[in-house]
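**Student:** For reference, the chains in residue letters:
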Amino acid sequence: MPTFNLTINNKKHTVEAAMDTPLLWVLRDHINLVGTKYGCGIGQCGACTVHVNGTATRSCLLQVSQAEGMKITTIEGLSEDGKHPVQEAWKDIDVPQCGYCQSGQIMTASAFLENNPAPNESEIRNAMHGNICRCASYNSIEKAVKVAAEKLS
Amino acid sequence: MATSKQITFSRRSFLRTSTLASGGMLIGFNLFNACKPDVALPVDISQLNFNDFNAFIRISDEGKVTIFSPNPEIGQGVKTSMPMLIAEELDVAWGDVYVVQGKLDTKNYTRQIAGGSQSIRHGWEPLRQTGATAKQMLINTAAARWGVSPSECTAKKGIITNANGETLGYGDVVKEAAVLEVPEDVSLKDPKDFNIIGKNTANVDLNKITTGKPLFGLDYKEEGMVYASVLRAPAFGQKLESFDATATKAMPGVLDVITIGEKVRAYFDKKESNWTVQLNSNDKVVVIAKTTWEAIKGKNAIKAVWKDESTPESTESHDKILLDLLEGDTFKTMRSDGNVKKAFAEADKVLERTFESPFLPHNCMEPMNFFANVTPERVHLVGPIQTPAAAAKVVASLLDRNIEDVHVEMTRMGGGFGRRLYGDFAFEAAEISNAIQKPVKMVSSREDDMTTGVYRPAIKYKIAAAIKSGKLTGYHLKEAAINGNMYGLIPNFFPAGAIENYQVDVANYKSNITTGAWRAPYTNFLASAEQSFFDELAEVLQVDRVQLHLNLLEKVKGTTDERIQYSPERLQGVIKLAVDKSNWGKTKAGGVYQGFSVYYCHNTHVAEVADIIMTNGLPIVKKVTCAVDCGIVVNPLGALNQIKGGIIDGIGHAMYSELTFKNGVPQSNNFNTYQLIRMGQTPTDIDVHFVESNMAPTGLGEPTLPPIGAAVANAVYAATGKRLYKQPYMSNMNVEEQIVG
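Here the protein sequences come in this chain order: A and B. Each residue of the first sequence is one higher than the one before, counting from -13 in my numbering. Each residue of the second sequence is one higher than the one before, counting from 72 in my numbering.
Don't take every hint at face value.
Derived lysine-lysine pairs resembling BS3-like cross-links, with alpha carbons at most 30 Å apart [said to hold, decoys possible]: (1) B/Lys412 x A/Lys(-2); (2) B/Lys279 x A/Lys129; (3) B/Lys652 x A/Lys129; (4) B/Lys420 x A/Lys132; (5) A/Lys77 x B/Lys391; (6) A/Lys137 x B/Lys464; (7) A/Lys129 x B/Lys135; (8) A/Lys77 x B/Lys361; (9) B/Lys292 x B/Lys341; (10) B/Lys292 x A/Lys132; (11) A/Lys69 x B/Lys361; (12) B/Lys628 x A/Lys77; (13) A/Lys69 x B/Lys135; (14) A/Lys57 x B/Lys270.
Label pairs and their in silico Cβ distance ranges [said to hold, decoys possible]: (15) A/Lys57 x B/Lys341: 54 to 64 Å; (16) A/Leu138 x B/Gly661: 40 to 50 Å; (17) B/Asn371 x A/Lys57: 24 to 34 Å; (18) B/Thr232 x A/Thr41: 36 to 46 Å; (19) A/Met(-13) x B/Asn278: 46 to 56 Å.
If you are wondering where the hints come from, they were derived from the structure by calculation, not from laboratory data. The C-beta atom is built at its ideal place from N, Cα and C for all residues, glycine as well.
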């Protein structure tokens, strides 16, 4: 079994896995970073979203062999103290219901706001359209993204 | 009177206490059972059997409070709201409270279930009683130390104060309080004195959720744990004939390939299967591997041969069967008032409409999974489940173990919606662990989850109204459903009691597709059908649709019919509030059209108005105004989450979602072929208003979902003159016609 050197949340990890193993399962099963969630495995729901070199990426579609040399950030590494403006906004609004999809929502929102710190409503809706929330906390997510944008500006 | 019935509980609480090695003390309350005289007071923590308790309050020497929340958390917020009830009467600062999920207690607890929006309704009295009793004991201790009467002392935010202004913290007296006699008949607060109940209170797991801490079933791990992926029949009606695992066994990480099914089959063969449990107990092939990915990959490489055990079914055949049932004579009457036959025979006008709904999977974001570790000593089960007690019982039976050997821990659930009422995933995990004698996590892929579900079945309704001299004289509702029918008090929901000649009939078709409860069972579509029908009926009767409801409800007032659980006054209250707040009936700018709907279910009264616009012939829901009467609102913040979530979930499934079958095979298996509502499709504004009330609270996990489908359909009619009878509406609208029209 090949080994891969990964940089995750500024820490180096060496993992042994088949080269087609999705980064998602390497994070969850090999490195024990379970904040990144499995939802669909085909890039349709966004629950597994991480940042790869700063871009929101579906970790279920990225093979471990492609992830070498990239700067990977998961929900656990988004901030040191859990106080990234997006995390703070999520708490201000009390967004989660079951909470399962929320780390993916937060990772999508934080990468989006990095590129567009002052989005309008339709830009927020477009950016978040790829993340499913089965509890339908969408209105709260939308509001939290707006609050996070205010915090960032 | 047809007001909400008072539920009565045994008020006797049994309390047990223990001093903690680390300081402070633990108070355990048996909430629902009478005192068991044979249980001795434990003297130290090591003798304390945690499973003997169903709710805990732990108070440290510093006065910090830990509350163990008894019921499973599926996103409905009970892990926050149930401890709020205890903390209110205990009178501690919410900021000093730490909440921990309680484990399953099969001995003493009666309702450790998440389902039916009942947790808060049933917990309202006993949980407050628990807090109040503990508070009284702490006060009594302080009073004794001061040598004053307890009645001269007050307690607030964890501080006891006497008439001289002296104070003691809960932590100062907690050890002595533990050995006091448990007081009976402590009084509960007047709602106007609530400090925690009624205040916006954030989800207790908020920090953990937003930082990705392990909380859910899929996150749970134990040393030496392996992963299992289960290959189940690809079509309903099929069973395993043979399989070839050669390729799988050669794959990296794969540890074993086994079959299961026998034990579950033996268990269910003994049992009379009811509508809720008709689980797939055919043989399944299980791939055991070191990681989830290797297990799933290994499963996908199994070459299996399946053969038909019963005739594979299709949506096309279901449609015909259900429509035939509606025309047939195999009905069972669920409620009959007056003489419906006569009313229709004498009618000078009859309105009759058929409403249709598809199968729906639950699609919890966290796919089904469970951890099991079966050892000679015990059976340890951990995972997301709405019915831990039932699962423990089944697992004990199918593994031929004593129920005392089976221990269940509930993780936070990545959604439930009814799917996690069925313990099939836990049974599988237990059977697998029993076979391999290792700790194992059974993990369903999304495809497994969607295609081997326990679905909301397709249901069709035929509703007919008899009209004579412009008056509604009869109402006849027929249900044709798969694997079961509406149950309990549903046939007595509105409009039962409001129409002199009224009848509800049900007919059933037994399918080999597994079906079960789905958020607001039956009413999730029944409300759409009836409230769409009433919109049309009002038009035929030439009455304002809101006024029609108010008039009908007037007739229910003062009813002596015990089966009528809804309150006509409270339904009228939510109607008036929704109408007022939505500017119903007033001219709208910008091509906005409104639809109205009202419903009672799960003990809660709800009215909704949907504002839509039409774009390219398709409706877009812009705003929903919702009026709710759920009694006292325990946690307004959590309540709003449930209400808004229920509404958007209802819009999504009424408009977009369906699962069809062809030769027994589900035609969608993931979110690329199955549509769930997404952010861009949600209303930008959901305006919620509560009816102010001092009545005992009722649940909110389900009641806002059922009425919304009709509110949307009625708004589409207002906009286009076209009635929608079949869900999902977007697949059954003639878009081209709409554009031209």
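**Student:** Would you list, in rising numerical order, the hints stated earlier that this structure does not obey?
**Tutor:** Hint check: 1, 4, 5, 6, 7, 8, 9, 10, 11, 12, 14, 16, 18, 19 fail, others pass.
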